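Going down the list, the sequences are from chains A and B.
Per the numbering used here: the first sequence = residues 1 to 325.
Per the numbering used here: the second sequence = residues 1 to 298.
Keep in mind the hints are simulated off the structure, nothing from the lab.
These numbers were taken from a predicted model, which means no experiment stands behind them.
A few of these clues could be false.
Claimed, not checked - Capping the alpha-carbon separation at 25 angstroms, the derived lysine to any residue pairs in SDA-like fashion look like this:
1. A:K15 <-> A:D193
2. A:K15 <-> B:E72
3. A:K15 <-> B:T189
4. A:K15 <-> A:D87
5. A:K15 <-> B:V129
6. A:K15 <-> B:M187
7. A:K15 <-> B:A131
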Amino acid sequence: MSTGLAVRDFSVALKTPAGVIRPVDEVSIEVRPSQRVALVGESGCGKSMTLRGILRFIPPSVLDGVSGEASYDGVDLAQLDDRRLRDYRGRRIAMVFQDALARLNPTMTVGAQVEEVLATRDRRARETQVTALFRSVGLDNSRAFRRRYPHELSGGMRQRVLIAIALAGDPELLVADEPTTALDVTVQAQILDTITDVVRERGMALLVVTHDLGVVSETCEFVYVMYAGQIVESGLVDAVFDDPGHPYTQGLLACVLDVDEPVEQRVRTIPGVVPPPGSVTTGCRFRSRCPAAHDRCAADPPVVRLDGDRTARCWLPSDTAGEAS
Amino acid sequence: MSLTRDVVPGTRRWRTGRRPPVPGGRQAWRRFLGHPPAVAGLVILIVVVLVAVAADWIAPYDPQAVSQALLEPPSGEHLLGTDTVGRDILSQIIHGGRVSLIVALVTGLGTLVIGSLVGAVAGFYGGRVDAVLMRIAEVFQVIPSFALALIIVAVLGANLAYICAALVMALWPQMARLVRGEVLRIMTTDMVAAARTVGHSNRRIIMSDVLPNALPPLIVQTTIDLGSAILLQAGLAFLGLGDPSNLSWGDILQQAQRDLSAWWMSVPAGVVIFLVVLAANFVGDGLNRALRPTSSHL
């Protein structure tokens, strides 16, 4: 029985000209089989770096080291050699990115690029599989379409091709890194539908990394909110969105556009920017931007278990609930 | 359902079996045709190749057959005159094209294979492998290519195979540097990162991502190398380091040294070499223009 992806106290340290920084600091994430999970946060808070660290895509020239545990089905990914790691990438954990054009090979037809990932050597079987994959991601599955090159397709179609490539290895977990960011809103919705549909049909698990709360509520059951390299809140999407426990989550939700409000009040922001990694070493990392900051925030806030699976890293809810750790 | 909304019914873009080897091949071909020098160069090369292939039927005489007509100027009987031992110059030029083209092809291919292999390995693995291979390439590069070829042929002997080997030695470092640069560029693209996420092996990434995308500059460099090979070989032959059993254009020039007043010995061969090398460079330049623009990838 598969146990899915389990990440515990996972940190990533990078070498920079200014010294070693830790963009990912003791992050714990769990994606159980056929669970749909979101990792959400502003730009620069370490979401993508978490993914890359887990799946070991950080080039050794910049990686200082990782600590903690990132395991899939109980196998620690950090311990695998290159050959065994390749079996995990694509076959068990597949990825979809934003900016599909840059991810596709301009010299190969889209059909051939999907075919490349398939395991079987039989040409006929591969062709039927590619046809089926194209159909399942909502692409024209005619022979002529499969023989097109990436530059001949629209952005939405390219993203679908990328999804087809990810599905070709028949993975158990689909990791989507900002899958709809480069697309316009109507196409975004369609791509999200496609992703959720295929994930449901195949009983796959899904980990979406995004800054778009709309994407989270549309596709996922469970959400982790990340800020400055730490998970600040986690819980079921409905519960977190209904009653956010952490001021940062509250701020994020307040920023969502509400068309019913008068124009001048529609766009809200959280003042300030995410502090660069390493600039805040003690205390709550959000306190410089937090409307509810007070004296205690200078000390590391506890991770509070609110109810069931919900946790928040903040002093405020800790007054009303028991501490988790 | 929303799935099929942004799908455009596929139209047949290429006839089956005639897909271009590079993306936007059709546009590239059209751009090539829009560049007159390139087209002229291509026509010249095609004519020279056809003549060389059909040399046995076209040449009026056996190029090695001596006759009583010594050092005769061009006439109706010998269109480009005869040399000091009465051989027909036109026939020599026609047959000499074979030797020059074979040398060019073998050298071009050898340079392409060795240069790409060394360059790809250096660029892909980087680090110490890269440093060692590039230092070796530099050792070859600091010696002028003609001098290098001259030494190798002088030591090994003026056999056609050795001549080709010498020319490859002289030309491969540049190709290796070019390929290494392309590989380094491609390795940092998101495309390669994406290929890793689906678990492709290094071999597969080199074969299907790196090499095809590095192809356009390689094609261009190869056409330029073809011209260089013809010129270098002619130069070697001019200095007497030609294969005596296979007369090339350069060998004709070498014989012409003995009597420069017999212009019909030196001028035609010189003009042919000049035209072919120029044509190869024009074609290279045309391919460069046709394959470079990234607009074909949009």
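Evaluated hints:
1. A:K15 <-> A:D193: Distance ~39 angstroms between K15 of chain A and D193 of chain A Cα, so the pair is violated.
2. A:K15 <-> B:E72: violated (79 angstroms)
3. A:K15 <-> B:T189: holds (21 angstroms)
4. A:K15 <-> A:D87: violated (28 angstroms)
5. A:K15 <-> B:V129: Distance ~24 angstroms between K15 of chain A and V129 of chain B Cα, so the pair holds.
6. A:K15 <-> B:M187: holds (21 angstroms)
7. A:K15 <-> B:A131: Cα-Cα ~23 angstroms, so holds.
In this structure, the earlier hints numbered 1, 2 and 4 are contradicted, and the remaining ones agree with it.
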